[in-house]
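Asks: So you can see what is in the structure, the chains are spelled out below.
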Amino acid sequence: MSWYYMVLLFALIVLSFSAVLVFIRIIIGPSLPDRVIAFDLIGTITIGMIAIYSLITGLTSYLDAAIILSLILFLGAVAFAYYMKKSHKPKK
Amino acid sequence: MIELASAAVIIIGVLFILISAIGVVRLPDFYIRVSAITKAATLGVACIMVGVAIYFNDVDVALKASAIFVFLLITSPIAAHIIGRAAYEDGVPLWKKTAFDEFRDFREGKIGKKEDEKKKNKED
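If you're matching them up, the sequences are chains A and B in order.
Note that the working numbering numbers the first sequence so that position 21 is 21, with each residue one more than the last.
Note that the working numbering numbers the second sequence so that position 74 is 1074, with each residue one more than the last.
What the hints contain is simulated information worked out from the structure, not anything from laboratory work.
We put the CB at the ideal spot given by N, CA and C, even for glycine.
A few of these clues could be false.
To give an idea of the chain A side of the interface with chain B (calculated C-beta under 10 Å), a few residues [stated by the list, open to error]:
| no. | residue |
| --- | --- |
| 1 | 1 |
| 2 | 19 |
| 3 | 21 |
| 4 | 24 |
| 5 | 33 |
| 6 | 38 |
| 7 | 45 |
| 8 | 47 |
| 9 | 48 |
| 10 | 54 |
| 11 | 58 |
| 12 | 66 |
| 13 | 80 |
So the derived label-pair ranges between C-beta atoms look like this [said to hold, decoys possible]:
| no. | chain 1 | residue 1 | chain 2 | residue 2 | range |
| --- | --- | --- | --- | --- | --- |
| 14 | A | 28 | B | 1062 | 39 to 45 Å |
| 15 | B | 1002 | A | 65 | 21 to 27 Å |
| 16 | B | 1081 | A | 20 | 24 to 30 Å |
| 17 | B | 1066 | A | 86 | 34 to 40 Å |
| 18 | B | 1073 | A | 31 | 36 to 42 Å |
| 19 | A | 28 | B | 1108 | 19 to 25 Å |
| 20 | A | 13 | B | 1109 | 48 to 54 Å |
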């Protein structure tokens, strides 16, 4: 139980708290793009969590999952934007 | 000493991500929230990756961490731009205190055509 381990636990706690804050925006978000952007931020927070977990366990293989996640997030955002363009006609 | 430097950088990155999350909840407008997410969260993940690369002190891990950071740095502004444009065309309202709406002027032809006419006049 070194002090560095305590620092990593503190970082994980702060990341979890910010994920809860972003979930509030997903619940009350008035429009669909708000929820898409909040989901994007949750994915970014998850990347940080994976990195810190790989520091705690000492296994660097978890970073591969973070690489894949950072690519999938971009695909998800672009797919949602394409869906919004195709499904709704613009209001004038 | 390595642990101290790594811990300091990681704490800075985590605080940036916390600021980004608070901004997502508190800011009044969709387009302002996009700004908060794109800048602060990307910088926070960059700081965390620098901390990981410092602690493991290995070339492989440094390459993986820099790959994550570069992917996020390239794709995050593009995704924000595409979603912002789709949201504007979908009719998501601006904040009531927003002073300028230059994209509307551009789509109505007030801005772009004038510049084209100026270029034509210069060419003539």
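Asks: Taking the hints in turn, state whether each one holds.
Replies: Against the structure, the hints come out as follows:
| no. | hint | verdict |
| --- | --- | --- |
| 1 | 1 | 14 Å, violated |
| 2 | 19 | 7 Å, holds |
| 3 | 21 | 4 Å, holds |
| 4 | 24 | 6 Å, holds |
| 5 | 33 | 4 Å, holds |
| 6 | 38 | 6 Å, holds |
| 7 | 45 | 6 Å, holds |
| 8 | 47 | 6 Å, holds |
| 9 | 48 | 5 Å, holds |
| 10 | 54 | 7 Å, holds |
| 11 | 58 | 9 Å, holds |
| 12 | 66 | 5 Å, holds |
| 13 | 80 | 7 Å, holds |
| 14 | A:28 <-> B:1062: 39 to 45 Å | 40 Å, holds |
| 15 | B:1002 <-> A:65: 21 to 27 Å | 24 Å, holds |
| 16 | B:1081 <-> A:20: 24 to 30 Å | 28 Å, holds |
| 17 | B:1066 <-> A:86: 34 to 40 Å | 36 Å, holds |
| 18 | B:1073 <-> A:31: 36 to 42 Å | 27 Å, violated |
| 19 | A:28 <-> B:1108: 19 to 25 Å | 33 Å, violated |
| 20 | A:13 <-> B:1109: 48 to 54 Å | 53 Å, holds |
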